[in-house]
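Peer 1: Given next are the chains, with one letter for each unit.
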Amino acid sequence: DVKVTQSSRYLVKRTGEKVFLECVQDMDHENMFWYRQDPGLGLRLIYFSYDVKMKEKGDIPEGYSVSREKKERFSLILESASTNQTSMYLCAYEAYNEQFFGPGTRLTVL
Amino acid sequence: GQNIDQPTEMTATEGAIVQINCTYQTSGFNGLFWYQQHAGEAPTFLSYNVLDGLEEKGRFSSFLSRSKGYSYLLLKELQMKDSASYLCAVGNYGQNFVFGPGTRLSVLP
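Heads up: the protein sequence lines correspond to chains R and S, in order. For the first sequence, this note's numbering assigns the number 536 to the initial residue and increments by one for each residue that follows. For the second sequence, this note's numbering assigns the number 16 to the initial residue and increments by one for each residue that follows.
No lab work stands behind these hints: they were computed from the structure. Among the hints, a few may not be true.
Said to hold, decoys possible - Below, a sample of chain S positions facing chain R; criterion: calculated Cβ distance under 7 angstroms:
| no. | residue |
| --- | --- |
| 1 | A57 |
| 2 | N111 |
| 3 | P116 |
| 4 | G117 |
Computed from a predicted structure; not experimentally measured. Think of the CB as a built atom: it goes at the ideal place given N, C-alpha and C, for glycine as much as any other residue.
Modelling step: build the complete structure from the supplied sequences, incorporating the hints.
Peer 2: Set out below in structure tokens:
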């Protein structure tokens with residue numbers, strides 16, 4: 536089975552800190568995605584990437600950036616974390632017309 | 016834009032059948048997807064529809080009507096482990112998926 540892993544299950548950071556969320560897939564899939572999930576709002580797309588060094592903004596890119604230096608790794612960066620970025624962050628890759636999700640990172644910004 | 020609506024919560028009894036509806040407004044998509052998400056876990060794929068009609072997969076079936084902007088997920092012979100959130104999404108391969116807010120299903124004994 537193809538797996539997608541995320542660097543942390545739980546993370547606590549302070550306002551203003553720079554935060555890196557890492558996502559790694561163990562196959563050669565091109566399309567990768569970062570979502571955040573909040574109660575009542577569902578999954579919202581932050582950024583996605585078609586290939587190495589390629590990125591596209593999703594629905595809520597403000598306050599975030601991404602990096603795709605290698606095909607298997609897609610990183611989400613919070614340049615200066617704020618309390619409204621407290622959320623569950625889910626990474627996914629796309630294969631066979633489906634999206635497969637990582638376990639998620641629950642980020643709390645104090 | 017793509018606006019997707021689902022009921023917020025539903026309750027059903029073990030052994031029963033439940034239908035979770037999803038309505039959407041979108042300019043076009045390749046597939047309509049259903050995901051299951053247990054509390055604290057990542058979503059997992061259940062089914063998808065490309066063409067209008069019913070797709071059956073064991074105890075789960077999904078239906079799509081593009082002309083009506085409507086889909087549903089049908090769960091039969093409900094089990095306690097089916098208590099979860101169910102997410103409807105419209106997607107285009109190679110592009111982003113848009114997810115609905117999810118329906119939280121509680122299965123009671």
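Peer 1: Each hint needs a verdict: does it hold in this structure or not?
Peer 2: Now for the hints, and whether the structure bears them out:
1. A57: holds (4 angstroms)
2. N111: holds (5 angstroms)
3. P116: holds (4 angstroms)
4. G117: holds (5 angstroms)
Violation of the numbered hints given earlier is absent; every hint is satisfied by the structure.
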